[in-house]
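Top line first, the protein sequences correspond to chains A and B. Mind the numbering: the first sequence is residues 347 to 765 in my numbering, read in order. Mind the numbering: the second sequence is residues 34 to 469 in my numbering, read in order.
Any given hint could be a false lead.
With a Cα cut of at most 20 angstroms, we get these calculated SDA-like pairs of lysine to any residue [stated by the list, open to error]:
id : chain 1 : residue 1 : chain 2 : residue 2
1  : B       : K147      : A       : W666
2  : A       : K360      : B       : R461
3  : A       : K360      : B       : V265
4  : A       : K542      : B       : V265
5  : A       : K360      : B       : K190
6  : A       : K360      : A       : W666
7  : B       : K341      : A       : G712
8  : B       : K190      : A       : W666
The set of hints was computed from the structure by calculation and includes no laboratory data.
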Amino acid sequence: MSIHPILSALRRHKTGTTLIALQIALTLAIVCNALFIIRTQFEQMGRPTGLDEHHLLMVATTQSGINSSTDAGKATLDASIKADLTALRQLPDVVDAYETHSLPLSGSPWGLGIRMVPSGSYGSHTTYFHADEHTLTTLGLRLVAGRNFRSDEIGEDDNFGVLQPAVIIVSMHLADNLFPHGDALGKQIYFTSATKPSTIVGIVERMQTSSVRSSTDNRTWDSTLVPMRLVTPSRYYVVRTKPGRLAAAMQSVPAALYAQDPQRVIPDGSEGDEVGVRSFAQIRAEAYQGDRTLAILMGVISSILLAVTGCGIAGLSSFWVGQRRRQIGVRRALGATRRDIIRYFLVENALISATGVIVGVLLAFGFSGWLMGQFELARLSPVYVLIGAVTLVLLSQGAALAPALRAARIAPVEAMRSS
Amino acid sequence: MLKYYLQLGLRRLRRNPVLTALMVMAIGFGVASSMTTYTVLRAMSGDPIPWKSDKLFFPQIDAWGPDSRRNGTEPRAAMTYVDAVSMMRDHRAHLQTALYPIAPTVHSDDATQKSRTAPGQAVYSEFFPMLDVPFLYGGGWTAADDEQHAKVAVITKSLNQRLFKGENSVGRSIQLDSHSYRVSGVLDDWHPQPKFYDLATTDAFGPADQVFLPFTTATDAQLATKSGFMCVQLPDPGYAAMLSSSCVWIGYMVELGSPSEVSAYRAYLDGYAHDQQASGRFGWAPNNRLSDLPAWLDFWQVVPSQTKISFVVALCLLLVCMVNTVGLLLAKFLRRSGEIGVRRALGASRLAIAAQFGVEAGTIGAAGGLFGLMLTWAGIQAMHGLLPRQIAALAHIDPLLLWQTLLLAVVATVLAGLYPIWRAMYVRPSLQLKED
Chain A
347 MSIHPILSAL RRHKTGTTLI ALQIALTLAI VCNALFIIRT QFEQMGRPTG LDEHHLLMVA
407 TTQSGINSST DAGKATLDAS IKADLTALRQ LPDVVDAYET HSLPLSGSPW GLGIRMVPSG
467 SYGSHTTYFH ADEHTLTTLG LRLVAGRNFR SDEIGEDDNF GVLQPAVIIV SMHLADNLFP
527 HGDALGKQIY FTSATKPSTI VGIVERMQTS SVRSSTDNRT WDSTLVPMRL VTPSRYYVVR
587 TKPGRLAAAM QSVPAALYAQ DPQRVIPDGS EGDEVGVRSF AQIRAEAYQG DRTLAILMGV
647 ISSILLAVTG CGIAGLSSFW VGQRRRQIGV RRALGATRRD IIRYFLVENA LISATGVIVG
707 VLLAFGFSGW LMGQFELARL SPVYVLIGAV TLVLLSQGAA LAPALRAARI APVEAMRSS
Chain B
34 MLKYYLQLGL RRLRRNPVLT ALMVMAIGFG VASSMTTYTV LRAMSGDPIP WKSDKLFFPQ
94 IDAWGPDSRR NGTEPRAAMT YVDAVSMMRD HRAHLQTALY PIAPTVHSDD ATQKSRTAPG
154 QAVYSEFFPM LDVPFLYGGG WTAADDEQHA KVAVITKSLN QRLFKGENSV GRSIQLDSHS
214 YRVSGVLDDW HPQPKFYDLA TTDAFGPADQ VFLPFTTATD AQLATKSGFM CVQLPDPGYA
274 AMLSSSCVWI GYMVELGSPS EVSAYRAYLD GYAHDQQASG RFGWAPNNRL SDLPAWLDFW
334 QVVPSQTKIS FVVALCLLLV CMVNTVGLLL AKFLRRSGEI GVRRALGASR LAIAAQFGVE
394 AGTIGAAGGL FGLMLTWAGI QAMHGLLPRQ IAALAHIDPL LLWQTLLLAV VATVLAGLYP
454 IWRAMYVRPS LQLKED
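The following block holds chain A by itself, in its conformation from the complex (with noise of 0.2 angstroms):
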């Protein structure tokens, strides 16, 4: 069957095919940014953070009425600190647990230069957290060189002045960063202001930084544990649960908080507080809640975006069929079998289809440098434009199936009728 009559076919019917090819072309360069969009969203959610997730929980708390600025309110945090982890580490549904002021994921990130002498620029930046000998076990962070810290290494911090830990663990990512030939372990840097050296004792293979914006660059896995305990009022316990333990953790872990000192402050999450007990889970929610409610959102209008099209598609072609009834009746009557008519409205349909799938190919690199250039999103991989046309040219043929059957169904005696 020659494509000739359908050509000649469709140039009466101009409008018609220009607005589905059109609309074919629109809604590829969308749906194909759309699923690129949901793609890396998914890319930046399924990122892991080096961390065993799964038992994990977080709780905020703050004392008042204590003035960390002198010896004795100091003295007095420190004691109440390790009051705190003692009763924790012996709660039944506990195994582990250390204070700090951020976790992966938690926000509030804290950052320290880095040089490799006491002075001149910074040439890194990390992300630190406090952590103490039991910080490892509790996040189950994978220890790829060196040690642990040790009890006796772990100093106070009160939040103010220059920090200059003698020893500190770091993320393989940094300690690559640093030495680029792999042989960081034993090395020693300069942290912000610092006039003594730390000496990276442990690597750790992976660990993210609290801040979740930071996915276009690559600090984001420039972690650094530093082995103070932060001796402030306000302040982060981190709880690793036995297994199954998780929800029940979150009730006794606050109790036994409020068993130690009635008088502190755990947010409940009420009259618009943050909420003072996330489990893991909830952290990693909270931080990518934007990303996820993008990609849902994308997921929707695609899903719109196609439904709209293929029924656009259908409604003209029905509209085709109806104004061309007489034509097929008198086809039919000189011998065109059905199967003849269906395809010839499948091979018209295809024909628009690929010509708004080639227009279509070049919106969508086009919205696709429009986007990079207002918010900075990656470039458009060609597999999701291939994906989107695959989709477009099924999608407009299975929107042209219903009316070419009913065409097929069309009686050579139609051709007799008038109009």
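Could you slot chain B onto chain A? The hints should help.
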């Protein structure tokens, strides 16, 4: 005549139920997705204080020098304590305040109530008149209170409800951390969003502040900032060393009524930085900024790019729906070429044809709008489950949104109908009659 066309249009809608339903659905979905994402966008990008956003300015002083500028040129947004206090002392604007976020613990006399942390701000007395903060009882403290480091506090209605059962608590005392403060005023509901006044250190959509203390009193009590604290050179241990350090953690806001005041204030900032350079504190030429509130919100990119992308893609969906509607309307109208031919032959003018089909398109648009309104409502309900609490609370349907949705639907459909109407107007009566 219009009524007749309306009747015709309605009858027509029933005649071709499938095509009509397709168009109504397309318009409905297109409008609903645009309006749902627009509602979120509007909630996040609203002007928090529209009546004077062009009079509020946020100065930046470059206290860190060329090595630590953002993108090589931009000074830090937050200020050092030293600069903030000096500028408050100079008092060159009509109204001004330095501020930083605090989170004191509120103790209740009621033993059954647990202690809670109350988010708040350490501000100067001019904060309240500058932001037109509404008071339920009492008022802000005085400039003399600022100078004397008075132990006064302004609390919000919700905190007043919790501590004093909503009674007029002016003059009574509240316990914050280990200090007692006299309530000078109780705010009426006040939670501007985005929370523009402490953007320099805090997220734009945090919880509402519940307690306000004099800046001078707060630093006396050694209250630390609960938010952003950035240093190039870490200070010596202790609160006093932190205050005199080059760490930046304080926000600053001034009210300037006229362009001449703005340029005078710019000159003052440059003079101030020059003095610091002359005294050897800054080793670089002045590099200050003075942004009004809209520019400040823009600078902080208060609206996340994800929200903007969603809106743009939703608008694209509307565009496709309109293209779809053009095709379907064309099919619907041209199917009735015969009818048009008869009407034209009987003397109907082209304008009359245009009116008839325009009314029909408008009817479809209105139906699409109603459908879209239902979908928008569902969409916004769904968004509440997807958005952070603070933002979800802002995204809601109001009468304005209702009208905007309907209007958008009708305008979109009539725009989509322009070409089909034009084609219907130019149907040649003779040709149609001959064919029939």
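Going through the hints against the structure:
1. B:K147 with A:W666: Cα-Cα ~73 angstroms, so violated.
2. A:K360 with B:R461: Between K360 of chain A and R461 of chain B the Cα gap is close to 18 angstroms, so the pair holds against 20 angstroms.
3. A:K360 with B:V265: Given pair K360 of chain A, V265 of chain B is violated - Cα atoms ~67 angstroms apart, limit 20 angstroms.
4. A:K542 with B:V265: Given that 20 angstroms is the threshold and the Cα spacing comes to 17 angstroms, the pair holds.
5. A:K360 with B:K190: 66 angstroms, violated
6. A:K360 with A:W666: 12 angstroms, holds
7. B:K341 with A:G712: 18 angstroms, holds
8. B:K190 with A:W666: Not OK: K190 of chain B and W666 of chain A at ~66 angstroms, beyond 20 angstroms, violated.
Going through the hint list in order, the structure does not satisfy hints 1, 3, 5, 8.
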